[in-house]
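J.: If you use the working numbering, the sequence shown corresponds to residues 1 to 320, in order.
Be a bit skeptical, because a hint or two may be false.
What the hints assert, rightly or not - Label-pair restraints from in silico Cβ distances:
| hint | residue 1 | residue 2 | range |
| --- | --- | --- | --- |
| 1 | 170 | 44 | 24 to 32 Å |
| 2 | 161 | 112 | 31 to 39 Å |
| 3 | 109 | 11 | 27 to 35 Å |
| 4 | 175 | 118 | 48 to 56 Å |
| 5 | 161 | 301 | 39 to 47 Å |
| 6 | 20 | 116 | 54 to 62 Å |
| 7 | 49 | 312 | 38 to 46 Å |
| 8 | 170 | 315 | 42 to 50 Å |
| 9 | 120 | 140 | 27 to 35 Å |
| 10 | 312 | 148 | 14 to 22 Å |
Just so you know, the hints here were simulated from the structure itself, not pulled from any lab data. Computed from a prediction, not measured in an experiment: that's the story for all the values here. Backbone N, C-alpha and C fix where the C-beta goes; we use that ideal spot for every residue, glycine too.
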Amino acid sequence: MSAPPLNSAGGYNLEFHAPSDDAWYSVRAIFNGKKKELTVKFENFGDGEDLVFKPDRFVTACDLEEFEARFRPVSHQLQDWECREAKKGMLVCVSHSADGLDNRFYDATIEEVIHKDHSVVNGEEVCSCAFVVVWKHGPAKHLLHRKKIESICIVQSVSELDPAVASFLEVARQEIEGGACFKAPPFSTHEFSPGERKGSQRSASGMWFMQGDDEFKVGTQEGLDVGELPLLETSDDDDPHMGGRYALLVDNLEKGISPSEIVQFIHRETSVLVEAHISSSFFYETCTKAAIVVDSKRNFHEVCNLLDSPDHLVISQTGR
Numbered sequence: 001m002s003a004p005p006l007n008s009a010g011g012y013n014l015e016f017h018a019p020s021d022d023a024w025y026s027v028r029a030i031f032n033g034k035k036k037e038l039t040v041k042f043e044n045f046g047d048g049e050d051l052v053f054k055p056d057r058f059v060t061a062c063d064l065e066e067f068e069a070r071f072r073p074v075s076h077q078l079q080d081w082e083c084r085e086a087k088k089g090m091l092v093c094v095s096h097s098a099d100g101l102d103n104r105f106y107d108a109t110i111e112e113v114i115h116k117d118h119s120v121v122n123g124e125e126v127c128s129c130a131f132v133v134v135w136k137h138g139p140a141k142h143l144l145h146r147k148k149i150e151s152i153c154i155v156q157s158v159s160e161l162d163p164a165v166a167s168f169l170e171v172a173r174q175e176i177e178g179g180a181c182f183k184a185p186p187f188s189t190h191e192f193s194p195g196e197r198k199g200s201q202r203s204a205s206g207m208w209f210m211q212g213d214d215e216f217k218v219g220t221q222e223g224l225d226v227g228e229l230p231l232l233e234t235s236d237d238d239d240p241h242m243g244g245r246y247a248l249l250v251d252n253l254e255k256g257i258s259p260s261e262i263v264q265f266i267h268r269e270t271s272v273l274v275e276a277h278i279s280s281s282f283f284y285e286t287c288t289k290a291a292i293v294v295d296s297k298r299n300f301h302e303v304c305n306l307l308d309s310p311d312h313l314v315i316s317q318t319g320r
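Could you build the full structure based on these sequences and the hints that come with them?
T.: What follows is the structure, given as structure tokens:
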């Protein structure tokens, strides 16, 4: 009999920092040891909004550290009688609405507390103080805003990692440290023949180079399928003009980029014509990925020299 999934203790007792909108949400985490997956369920959202994470989404220990930092205990709502506990420089989680309707929570630091006399309404103490905060992230990053006490939550320190999250991180860490001979990039799933495994390698910058003697498929959890690409395995002694199909899997692209933009950029810089296939991405992801396909070994190296050179960086207009 398999062990039941491990749930966060106490229901929605965690906050999760979502990459999609940079906001914090109340969640609970469920770890399924049999499937080796962590499900993040959002409070007041349906099951369709659940996020499911698997170990193969993480390539390095740094990836896991960044993911771990996205979880923390639920922040404490500052009560009316607790306003004097708020001090300048304190980290708080504050509600903010860009349109006056949809409230989301972002981290800020208290710049000033403007104390005012409290009143009593129906026997309850009511705080009238104002809190000037500086946003640390989100749509108003680095700006000052004046908030009322009902918008202020005190961020709690992480004394112990949630057991469901901790169990998932341990499994993912073991897989990374296991050092499998080939590890698929976080965004895609592949079907390889033994010959293709031998011809696959990853660069230091995170770009994947594929070559093999059969075929492979590129897909994502969203069902993207760019088709079967016949790839020829070659040696260093082969004719550099030799035909065939070579695929480069590139990460950290701007969301919204089009295949034609990639094709035009590479052609402008190298005079090489390529095919580009954009991966679909989850709503919480801040970037997207693409498969770039070339038709010869020489063109393969031309594009690699452009995208993976130690002498320069390829940066988008927004700095990615």
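J.: Taking the hints in turn, state whether each one holds.
T.: Hint-by-hint comparison with the structure:
Between residue 170 and residue 44 the beta carbons are some 30 Å apart, a value that agrees with the proposed interval 24 to 32 Å. Range check, residue 161 to residue 112: about 34 Å between beta-carbon atoms, so the 31 to 39 Å window is met. Remark: the range hint 27 to 35 Å for residue 109 to residue 11 is upheld by a beta-carbon distance near 29 Å. Residue 175 and residue 118 have their C-beta atoms about 54 Å apart, which keeps the hinted 48 to 56 Å range intact.
In this structure the supplied range 39 to 47 Å holds for residue 161 paired with residue 301, their Cβ-Cβ distance being about 45 Å. Distance hint for residue 20 and residue 116: a CB-CB separation of about 37 Å, inconsistent with the stated range 54 to 62 Å. Separated by about 40 Å at the C-beta atoms, residue 49 and residue 312 satisfy the suggested range of 38 to 46 Å. Take residue 170 and residue 315: their Cβ atoms lie about 36 Å apart, and the range 42 to 50 Å is violated.
Taking 27 to 35 Å as the suggested C-beta distance range, the pair residue 120 and residue 140 conforms, at roughly 33 Å. Look at residue 312 against residue 148: about 50 Å separates their beta carbons, and that is not inside 14 to 22 Å.
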